[in-house]
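Peer 1: Residue numbering for the sequence shown follows the working numbering, starting at 30 and increasing by one per position.
Please note: incorrect hints may appear among the correct ones.
[Said to hold, decoys possible] Below, computed lysine to aspartate or glutamate pairings styled on DMTMM-like, alpha-carbon distance capped at 25 angstroms:
1) LYS49 <-> ASP121
2) LYS442 <-> ASP474
3) LYS49 <-> GLU131
4) LYS49 <-> ASP150
5) LYS442 <-> ASP466
6) LYS442 <-> ASP513
7) LYS442 <-> GLU526
8) LYS442 <-> GLU277
9) LYS442 <-> GLU524
10) LYS442 <-> GLU483
Keep in mind the hints are simulated off the structure, nothing from the lab.
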Amino acid sequence: ARDAAGNVGGVTHDVRVDAKPPTVVASPVAGATISRSTRARLRLSDGGDAFAMGVDAVASAATTRVRVGLTTSTTSTVTVDGDDLLVSFGADAVGSVVVQVEPTDLAGNVGARVSVGYQIDDTPPTATLSPANGAFVAATTAITATFSEAIDATSVAGPDVLIAMADGARVPGAISYSSTQRLLTFRPDAPLRGNAVVSVTLAAGIRDVVGNATTTARETSFTVTDPMYVDLVPWIADLASYRGDTGETGERHGPGGTFTDLNGDGYPDLVLGTANGQQPQFWVNVPTPLGTGRTFVRVVVPSAPMSGNAGIVAADYDNDGDIDLYVASYRDYNTLLQSQLAQTGSLSFIDVTESTRPPDVANNLGVKSGVYQGAPLLLSMTAAWGDVNRDGLLDLYVGNHNGTYLSPDLGQKAGQRDTLFLQRADGTFVDATTEADCPGWRARDGRYTTPGQEFSSTDGVVFTDINADRWPDLIVSNKVRSPDDRDIVYLNRGEDENGRWLGFHLLNDDLPGNFGSTNPLAMGIAANDIDNDGDIDFYLTDWSPFGVTPGPNELWLNQFVETGAVGFVVDRTCCTGVYSWGAQLEDLDNDGLVDIHVASNIADTDLVYRQTALGVFESYAATWGVAQTANSRGDLAADLDRDGWLDLFVVNDDRASRLYWSRQETRDRGVHWISLRLVGDPTLPGAHRSSRDAIGARVTITADIDGDGHDEHLTRMVVSGSGNAASTSSLEVEAGLGDDAVVDVLIRWPSGRDTLLLDVPADQFLTVTEQ
């Protein structure tokens with residue numbers, strides 16, 4: 030610059046230009062679902078540089094619009110909050126809306142139009158309740174509410190969000206919510222009572238994720254059907270994950286288990302077989318948390334074996350007043366677990382297997398294993414306790430299983446010798462199989478080895494008295510499917526004049542026809558007096574490989590009472606099954622008549638045959654609620670809640686096992702029952718003695734079960750070991766009495782003593798001690 034005098038001067042001035050428009054950040058983010066009450070915040074930012082002139086929020090607000098489709102919302106408003114724009118959505122902003130703004134700064138820079146889309150949700154959620162109103166449902170049904178949209182989980186967290194009332198009383202239970210399924214589930218603590226009318230109320234105030242709340246409660250009402258049995262496994266933590274396994278490769282023939290009282294509280298507990306590397310599972314029967322029923326809690330027994338368990342048989346082998354367990358293992362040594370309840374007052378076991386080995390007898394391993402031709406027998410599948418010589422010390426029979434099917438050239442032999450262990454006074458066990466002549470099988474010509482088999486392949490054994498002489502006889506089911514194979518009946522020969530036990534006589538050869546040979550692949554055995562004639566009958570199940578016609582299950586009706594000699598009428602038509610395993614002969618409906626439960630293979634349904642007053646067996650599995658289709662093996666019976674009605678446990682190996690709780694107590698109050706716990710006294714003097722748990726005792730109950738004025742005589746025995754694989758059901762004598770409320774009871778103890786009880790009231794649990 031020059032002045033008039035010609036002086037020249039200069040000045041410099043820095044000028045910074047703001048040419049960048051503001052940015053926009055939306056909250057909630059674009060695409061969110063929001064309620065109408067939610068205000069969208071558009072945060073404007075001019076970058077924060079020293080040369081930025083700042084946001085012109087007012088100018089930006091003037092460009093802001095809420096678009097609903099092609100129209101502009103006229104009820105929505107925009108306000109300025111510092112550098113932010115707050116958008117409130119009006120009544121005409123429904124469904125999909127778009128907020129549009131042209132961000133402007135104080136320098137007049139205008140950015141490109143920004144569009145932020147939202148979904149306006151102003152509708153409260155709806156719910157569909159199940160069961161539907163007026164429905165008839167099973168007692169195990171869960172109550173659910175399925176929501177139309179995602180729910181704020183905190184709004185369904187309270188115990189009163191869903192209330193179920195059964196006949197005026199609140200149903201206890203637990204509530205859970207699945208956000209992925211939008212499903213609220215109420216699971217009762219126990220199965221719903223049969224015939225109950227259940228009303229359900231879903232509370233108001235349940236919110237969706239944007240805060241819309243239901244304003245009215247929802248209700249439904251349904252009726253519970255009344256099957257005889259309800260599966261309790263879904264209510265028992267972890268039991269649903271149990272799968273039966275024996276450690277076999279290929280087909281599995283077990284396992285069995287034990288369903289009897291182990292801790293002395295009167296309620297039966299469960300011990301279940303498992304695969305290699307796992308201990309048997311111990312489940313103790315305890316009250317439910319609210320005391321309204323019974324459930325099972327798993328406990329750990331450290332000394333239990335880790336090999337594959339074909340099954341477990343229970344008895345008080347040492348006569349100390351508590352129940353011990355023998356674990357049959359496939360491809361490993363067997364284990365004897367001695368209960369310490371009597372010594373410590375708590376349920377625990379120690380492994381005493383090695384102590385059963387007799388030090389003075391060569392080639393004897395005690396109950397750890399039988400020995401044949403110098404090699405241990407390590408394919409045990411089944412076992413049973415019985416006092417074969419009536420000395421008050423329980424003995425043990427172990428059935429071994431080698432069921433390899435025959436090759437075309439008969440080069441591969443099936444079978445393995447069974448073992449009878451006699452207990453001695455010092456607690457050791459001696460292999461007496463050869464002396465007692467009971468290896469489990471013999472050909473008709475007297476051989477134990479044929480071109481097709483060496484001995485046989487045993488799946489089931491049971492000790493019971495088939496000729497009422499107090500000496501326990503032995504039934505063995507075999508499975509080789511060769512022309513020579515057969516199921517075996519061993520008759521106990523008793524003792525000579527010097528009191529020396531004489532072993533067994535193979536009865537098959539004395540019976541007419543080809544007795545025992547019509548079940549080519551026999552599995553389970555059940556024993557009871559099925560026709561109330563005073564002698565013990567049997568039911569045998571059969572199985573064959575797929576594609577091979579199975580031999581039908583057989584009912585062996587003992588003719589001893591009718592003829593004075595042991596013989597059987599074999600009925601192959603009354604109660605047949607296909608691919609069957611375990612079996613139970615028990616009076617399931619307490620009418621005084623024995624019924625039949627059959628566990629079946631995966632392609633077939635478990636069976637129940639109910640005996641009618643005419644002696645006819647009718648299929649009742651579906652009616653009674655036990656017609657599962659699963660790969661079932663063992664089945665066990667006991668009264669789990671001590672209501673006088675027998676319950677069932679069925680071992681499955683391909684899915685959860687079933688614990689069928691009988692609900693007959695709530696249905697048939699006109700019929701009666703009695704349960705007897707027998708306590709033998711092995712210290713009483715005499716030539717013979719009873720074991721402490723009275724295994725082998727015979728009970729005859731005189732009752733007029735049908736009310737016709739004529740008495741029937743129900744015969745029951747105390748048995749440990751029956752069904753399929755190694756299994757023990759309740760060691761109490763449980764009998765249905767039908768119409769009779771007062772009965773007479775005769776107990777014939779193994780010692781030779783008798784106890785007669787006259788005019789015994791029904792519907793009670795009675796302990797009887799030998800005197």
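Peer 1: Against the structure shown, which of the earlier numbered hints fail to hold, in ascending order?
Peer 2: 1, 4, 7 and 9
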